[in-house]
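Peer 1: Chain residues, written in single-letter form:
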Amino acid sequence: MSVSAAAANYLGEGSGPRAWLLTTDHKRVAWLYLVSLTAFFFLGGAFAVLIRIELATPAGDLVSDDVYNRLFSLHGIIMVWFFLVPSIPATLGNFLLPLMIGARDLAFPRLNLASWYVFIFGSFFALFSVVAGGVDTGWTFYTPLSTLYANGFVSSAALGVFIVGFSTIMTGINFIVTVHTLRAPGLTWFRLPIFVWTMYATALVMVLATPVLAASLILIVLERVFGIGIFNPRLGGDPLLFQHLFWFYSHPAVYIMILPGMGVVSEVLPCFSRRPLFGYKAVALSSMAIAVFGFLVWGHHMFVSGQSAYAGVVFSFLSFCVAIPSAIKVFNWSLTLRKGEISFETSMLYALFFLALFTFGGLAGLFLAALAIDEHVHDTYFVVAHFHYIMVGGMVTAYMAGLHFWWPKLTGRMYSETWGRIAATVTFLGFNLTFFPQYVLGFLGMPRRYHTYPPEFQFWHVLSSGGAVVLAIGYLLPLFYLTWSLFRGARAPDNPWQATGLEWQTSSPPPPHNFETMPVVTRPAYAYDMKGLEHERFSPHLEAGQ
Amino acid sequence: MSFGIPFFPQQASSAAGSVDALFYTLLAFAIALGLSLTFLVVGYAVKYRVGSPAGRTGERARSLPLELTWTIASLVIAFIFFGWGAVLFVRRDHPPPNAIEIAGLGKQWMWEFRHPGGQREINELHVPVGRAVVVSLASQDVIHSFFVPAFRVKQDAVPGRTTHVWFIATEPGRYHLFCAQYCGTQHSEMGGWVTAMAPEQYASWLESQGEGETLAASGEKLFQALGCSGCHGNSSKVRAPSLAGIFGRPVALANQQTVIADERYLRDSILVPNKEIAAGYEPVMPSFDGLVDEGELQMLLAYLKSLSPREPAKNEAVR
Amino acid sequence: MSGQTQSIAFDKASREKAADILAMWVFIGSEAMLFGAIFLVFLIAHMNYGAAFAAASKHLSLRLGTLNTAILITSSFTMALAHMYSADGRWRAAIWSLAATSLLGLGFLAVKAVEYSKEFSDGLAPVLGAPFSYTGPDPVHAEFFFGLYFAMTFLHALHLIAGILAIAGVLALWSHANPAGRARRIQAVGLYWHFVDIVWVFLFPILYLINRG
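Residue numbers (this note's numbering), protein chains in the order written: chain A, 1 to 546; chain B, 1001 to 1319; chain C, 2001 to 2213.
What the hints contain is simulated information worked out from the structure, not anything from laboratory work. Some hints could be false.
As the list claims (entries may be wrong) - Chain A residues, not near chain B, derived (Cβ > 12 Å throughout):
| no. | residue |
| --- | --- |
| 1 | R18 |
| 2 | S155 |
| 3 | N232 |
| 4 | R449 |
Said to hold, decoys possible - Going by beta-carbon spacing under 7 Å, a handful of chain A positions derived as facing chain C:
| no. | residue |
| --- | --- |
| 5 | P109 |
| 6 | L113 |
| 7 | A114 |
We put the CB at the ideal spot given by N, CA and C, even for glycine.
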């Protein structure tokens, strides 16, 4: 296929702001999200860097306590709701889901564009909170601190998160319906790439959990503005009720954040091993199992909150149960490498680093699920390290893997492999240097969200702050070489990695409606061990005749 | 040997050893699993790199027994660690009898403790070694969390309810006390020290603090001052239930239910008297919500408890 | 692509219709979680303060509540008619049924407004800083009840307004849509409308009828 005909691809379809801001092409909407999410990622990251600089010394000498509290609150709110939750689904998912199932677009292209506008609208409220003076509740908005005592701009931040929730639900509905109704002929459920499975599981969680968050945020705003006392013990309410509602959403939200990462890695590992994914069905079904179990474990955030110890026992049991499907996935990914022909392109490096960091984070999860240990490390840096290993080490690393893997498809350009490998390695080293010391700190008893701390913890904090600088470089590098590649990168071939997915069977970048002729699928996913698949997998439309 | 760099938290309570045993066992397991996965992945990555001479012939068969083995093995190991953790954790609901009960009150941004003898401390807590101590926790404003790393204990103090945490200090010394639940501006300043001392020293420390008035005695004064005794006293004209021996006793309610008069019931009866009316009485008691603060509530509860013989203490700690 | 479908993603109108209906069901599932969470809050509070809630509930107007229940059930009926007529291609009758449905919805809102203003003038609305004066037992938890009452009924009313706007949207786009598109939209809006009615069918007994007998 030709790689030079600019008009034949989606990027050539008009270039003014109108052509982008009023587009309903899922590939362009993905770009709108990619640009906005990148901005939020670096904004949240800037807050993180300030936090780490402050924590280099035990005394609170860089910023005041109020400023520090606002920094970590905004870091959490922005990173969780304005980056991690939408990250892979809204960018890569938006771009790839129709391509991977052989569709011309998502089922509701206008709803898709609307979801971006809602996202931007919601983010204005959050940014207003930042500019107006910040929020000091932490990203968890615990009552009664958030309702009666906090003096930041809580309502507007909560409203921003609430509105962004609508955009999440819109994306979720769109994905579910698309996967059900728009699969290409021959593309049965068990021929779907794992990335599509995880997008489907993520979408289910988005649709069913986000409204509960919405309900709790509505109640917070009602309580702050109208004085309805649902979480106020003085008015007969119960502050723990908020925690139940909040974690009923926010624990599944963790799976919204990690499942798409698992999907990306399940695409990248087989490709650069030239082998089918080991245990395809187990990986597909364990994604669904994680999505379902994720709704049953919220109480493990509340072991020492005053809920009964026996409730704690039940939630601990369920939390150990959710570890099983994750463990199965790790084994399957590892065995995918066996008897492969492994090469180490940038996205493969990121995927392998994901595997390591996700495993380290997941193993730490076992400590937190074990009740007696959780009593000690709950609300300490151990928890901070655990979820950064999963969310940043896992999810953001997978996001980088996916971005590099599909970059040629997104842009039609190749980036520098050398710089890519350097950035991946720097990120991996910087990440471990930043967050591994936090496990030690947590075990030593360093509580989280502390502006100042006892001097004996300083050694580990200094390591962590040093690591943060390395990590920041690791994340800034791609910003430069990827942007550079947009203008100067070599033209990408249609299938630079010789991968099997349908998205590689169309041109790079794809034409406006994705496929010149609609594909018919005759093979399972990841048919890397089948000969001559490039020509057979993508069959001309004629075959669909019967 | 470690150049002043801490690697392990101090162990200074009866629970510390058993929690650490679980921690280190789990750590050993995690390291073993982590290392074997690392070796596996790195091994494959090297052995099967592009162009390596390793043989790739033969099916990479899906082996059902293998997959079943790791699934079941993961399950069994997970349940062992679950059970171990749960058994240690459930102990927190069962403090030994005859524990010293200290009232702890969290407020933005300090901890206030009151000993049974009425000695009051701010951001300092003195406890004897070798004797069980129950800290009953309340909060004046937002959620706080009582955390002593060296004791491996943590419990949130939640406004509107009383929670408990207990420990037996084993080593004399000074240990960090932290607030672990983010509670606003000076969250990181909210804390201080727990001092564990030999029983004799503890006794002389108590003495040096002055006898003062016991918590129950302050509670009794308050009981008079607020006019509670006007109705609940013996010579009252208004019919109100007598409170002698009330704590830990079952109370028949007007709605035919029966509740145990625990801390939750007594607290609600003071703040929300119409919620659970004792059978045979009119709902005439006014609410004292807003008239007593959390500290005073703790005094009143101590007084009401002192009206009962000592042994229901076991019962009470279960909540 | 072909003139029969709205979204370029679909080849066949029947497939697009199936997608619309599925999307509406997924959305309703999502909405059910929203109301479910708030119902749960209410039920927990009711478990704790049943007596106060029952007493407070007696201050609501059972007459107006029953009237509103009747109005909404009738509107569901007219909505079902609209769906039936559109399936038969009787477009004029379908338009009239839709109009009737949205008028009944407006009627519900009018009655609700009367009810709200009565509660405000009686001092039973602890919202927006309005004074709360309540003479029954346990005013603290009665206030809690009224807080929940306003939160829940207002949220429901917002959904009803959305439903009326959706019907207005279908009517406004009437001449732009082909028959398949119209039937598709009527069915989707109808599903949503029935859902909003069902929410009210749950709200009515727990708010107005608790411990009344």
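Peer 1: Look at each hint and say if it fits the structure.
Peer 2: Results of checking the hints against the structure:
1. With a minimum CB-CB distance of about 46 Å to chain B, R18/A clears the 12 Å threshold, and the non-interface call stands.
2. The Cβ of S155/A sits about 17 Å from the closest Cβ of chain B, beyond the 12 Å cut-off, so the non-interface label holds.
3. The non-interface label for N232/A is inconsistent with chain B: the shortest C-beta to C-beta separation is roughly 8 Å, within 12 Å.
4. Its beta-carbon lying about 4 Å from the closest one in chain B, R449/A breaks the requirement of being farther than 12 Å from that chain.
5. Given the 7 Å rule on beta carbons, the hint for P109/A holds: about 6 Å separates it from the nearest Cβ of chain C.
6. The closest approach between the C-beta of L113/A and any C-beta of chain C is roughly 12 Å, which is over the 7 Å cut-off, so the hint fails.
7. Look at A114/A: its Cβ only gets to about 13 Å from chain C, farther than 7 Å, so that hint breaks.
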